[in-house]
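Each chain, written out:
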Amino acid sequence: MVKLSDNAQKSLDEYLHQARTYLRSAKSVDAGEVEQNITEHIENELEGAAEPVSADELETVLKKLGSPQQWVPEEELPWWRKFILRLRTGPEDWRLAYLSFGLLVVGFMLSRLSLPLLTLASFVVSRAALSANNYRIEVKAQKWLIYPSLIIVYLVLLCSFLGLPLLGLIPLAYDWEHIIRASYKIGDDTPYWLAACSVFVASIGLWWLIQGVVFLARPNIPKVLFRPFADGFNRRWALVLLCVGFALLVFSLASLYWAYSRYFQPI
Amino acid sequence: MENQFLDNWATQLRKGMLELCILNAIKGTSLYGYDIVRKLRKLNALVISEGTIYPILSRLKREGFVQTTIRESTEGPPRKYYELTQKGEQTLSRMNDYWRDVKTGADALKGE
Chain V
19 MVKLSDNAQK
29 SLDEYLHQAR
39 TYLRSAKSVD
49 AGEVEQNITE
59 HIENELEGAA
69 EPVSADELET
79 VLKKLGSPQQ
89 WVPEEELPWW
99 RKFILRLRTG
109 PEDWRLAYLS
119 FGLLVVGFML
129 SRLSLPLLTL
139 ASFVVSRAAL
149 SANNYRIEVK
159 AQKWLIYPSL
169 IIVYLVLLCS
179 FLGLPLLGLI
189 PLAYDWEHII
199 RASYKIGDDT
209 PYWLAACSVF
219 VASIGLWWLI
229 QGVVFLARPN
239 IPKVLFRPFA
249 DGFNRRWALV
259 LLCVGFALLV
269 FSLASLYWAY
279 SRYFQPI
Chain E
1035 MENQFLDNWA
1045 TQLRKGMLEL
1055 CILNAIKGTS
1065 LYGYDIVRKL
1075 RKLNALVISE
1085 GTIYPILSRL
1095 KREGFVQTTI
1105 RESTEGPPRK
1115 YYELTQKGEQ
1125 TLSRMNDYWR
1135 DVKTGADALK
1145 GE
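Protein chains in written order, with the numbering used here: chain V, 19 to 285; chain E, 1035 to 1146.
Keep in mind that the hints were calculated from the coordinates and are not lab data.
There could be a bad hint or two in this list.
The calculated label-pair distances, taken between Cβ atoms and stated as ranges, are [unchecked claim]:
(1) V:L34 with E:L1077: 24 to 32 Å
(2) V:A68 with E:G1139: 47 to 55 Å
(3) E:Q1120 with V:D249: 53 to 61 Å
(4) E:K1144 with V:S23: 50 to 58 Å
(5) E:S1107 with V:L34: 16 to 24 Å
(6) V:S46 with E:D1131: 25 to 33 Å
(7) V:L34 with E:Q1101: 25 to 33 Å
(8) V:E53 with E:T1108: 19 to 27 Å
(9) E:A1079 with V:T78: 33 to 41 Å
(10) E:G1139 with V:D74: 42 to 50 Å
(11) V:W112 with E:Q1120: 44 to 52 Å
(12) V:T78 with E:G1050: 26 to 34 Å
(13) V:A68 with E:T1103: 31 to 39 Å
If you only want the chain V side, here are some residues facing chain E, beta carbon under 8 Å, derived [unchecked claim]:
(14) S46
(15) E53
(16) N55
(17) E61
(18) N62
(19) K82
(20) L83
(21) G84
(22) Q88
(23) W89
(24) P91
(25) L95
Note that beta-carbon positions come from the ideal geometry of N, C-alpha and C, so glycine has one too.
Same shape as in the complex, but just chain V:
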């Protein structure tokens, strides 16, 4: 056998382990024979390569060889895997789309407890349907069945994403006034609301600024999270978020400073 580097050996062991796992359920296939085919193929492919063979070189060979799952004949796959295979390679399939919409409708018809659970289930099925369509936006008529649960979950996710600091700050705001009044000598005419709003806006601004920086470095995060609606997201949008965040932060900190210097005097 050709000498492999430690990482390459690990990759090969993992590939063989996965193939053996898949083959456990296949009665007509000799796992030993498959393993021999794999090692023989790799050995032939890597003949003449500089030793020890690197993990990258082996990965190229394994990629050409295909997934470990393919060593199981299609007729011996378990029913659920055949089902997924048919979904992926069969003719236009609407089952996932109908299932998604059905779960959402049942969720609305049943109790309040079932609504979030079934909406989440419908969301997962919708994402699976999108995945089966290779994440193409043009799922045509299927979108009427797939999109409702996606939109509901994405809206909740988007609100939480953009307003995360508010979730933590709003409950605290009720206590702040007592704390501030105990620490500072302020009159009744003091615009407490201005200070509170400035803190909220500054938090939001800082949060958007951080998000802008993260999305600028990794523009794929929103694309993956909000697929397929954020497919057009790019660094320009991240820059807009960053600039808006920065402007909010500067503006709110300036008004906070103004309110502090004008109305607040330590006791």
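Dock chain E against chain V, hints included.
Okay, now just chain E, sitting in the frame of chain V:
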């Protein structure tokens, strides 16, 4: 959607064609697994992942279309060589005839 349709169509077509090509590759000769892969590698559109060829060879053997012989190799462990059985040769001949009819018919339609 059009791409998906094309992908599905190509997958269905590949399934049947790969068996025909494997049988044709070993017709009149005996080859070991990797040699067959190398021969079929030229058909880029047909062989998406090379590992799909070995399970097909095993199935053809189980169904009696090919037989194997183990031969010593100077380059490593003994190798398993595949060759057509009589049943395989007869079936391949009928498969080639069938494919020729399909191709002629399809070409004729294309030319109409």
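Status of the hints after comparison with the structure:
The given range of 24 to 32 Å is respected by V:L34 and E:L1077, whose C-beta atoms sit roughly 27 Å from each other. Taking the beta carbon of each, V:A68 and E:G1139 are about 52 Å apart, inside 47 to 55 Å as hinted. Evaluation of the 53 to 61 Å hint for E:Q1120 and V:D249 yields a pass: the beta carbon distance comes to about 57 Å. The beta-carbon spacing between E:K1144 and V:S23, approximately 51 Å, falls within the hinted interval of 50 to 58 Å.
Checked against the hint of 16 to 24 Å, the C-beta distance between E:S1107 and V:L34 comes to roughly 21 Å, which is consistent with it. Under the hint 25 to 33 Å, the C-beta atoms of V:S46 and E:D1131, about 29 Å apart, fit the expected range. Distance hint for V:L34 and E:Q1101: a CB-CB separation of about 27 Å, consistent with the stated range 25 to 33 Å. In this structure, V:E53 and E:T1108 meet the distance hint of 19 to 27 Å, their C-beta atoms being roughly 22 Å apart.
The beta-carbon spacing between E:A1079 and V:T78, approximately 20 Å, falls outside the hinted interval of 33 to 41 Å. Taking 42 to 50 Å as the suggested C-beta distance range, the pair E:G1139 and V:D74 conforms, at roughly 47 Å. The hinted range of 44 to 52 Å is satisfied by V:W112 and E:Q1120, whose Cβ atoms lie roughly 47 Å apart. V:T78 and E:G1050 have their C-beta atoms about 29 Å apart, which keeps the hinted 26 to 34 Å range intact.
Look at V:A68 against E:T1103: about 34 Å separates their beta carbons, and that is inside 31 to 39 Å. For V:S46, the suggested interface contact is upheld, since its CB lies about 6 Å from the closest CB of chain E, less than 8 Å. Restraint check, V:E53 versus chain E: the minimum CB separation of about 11 Å is more than 8 Å; hint violated. Because the beta carbon of V:N55 sits about 5 Å from the nearest beta carbon in chain E, less than 8 Å, this interface hint is met.
With 8 Å as the threshold, the beta carbon of V:E61 comes within range of chain E, its nearest partner Cβ sitting at about 7 Å, so the hint holds. Because the beta carbon of V:N62 sits about 4 Å from the nearest beta carbon in chain E, less than 8 Å, this interface hint is met. With its C-beta approaching chain E no nearer than about 5 Å, V:K82 sits inside the 8 Å limit, and its interface hint holds. Contact between V:L83 and chain E, as hinted, is supported at the beta carbon level, the nearest pair being about 4 Å apart and thus within 8 Å.
Hint on V:G84 holds. Least Cβ distance to chain E is approximately 3 Å, under the 8 Å limit. Taken as an interface hint, V:Q88 checks out: its beta carbon lies about 5 Å from the nearest beta carbon of chain E, inside 8 Å. For V:W89, the interface hint holds, since its Cβ comes within 8 Å of a Cβ in chain E; the closest pair sits about 6 Å apart. A cut of 8 Å between beta carbons decides the hint on V:P91: the least distance to chain E is about 5 Å, and the hint holds.
Residue-level restraint check for V:L95 is violated (minimum Cβ-Cβ distance to chain E is 12 Å; threshold 8 Å).
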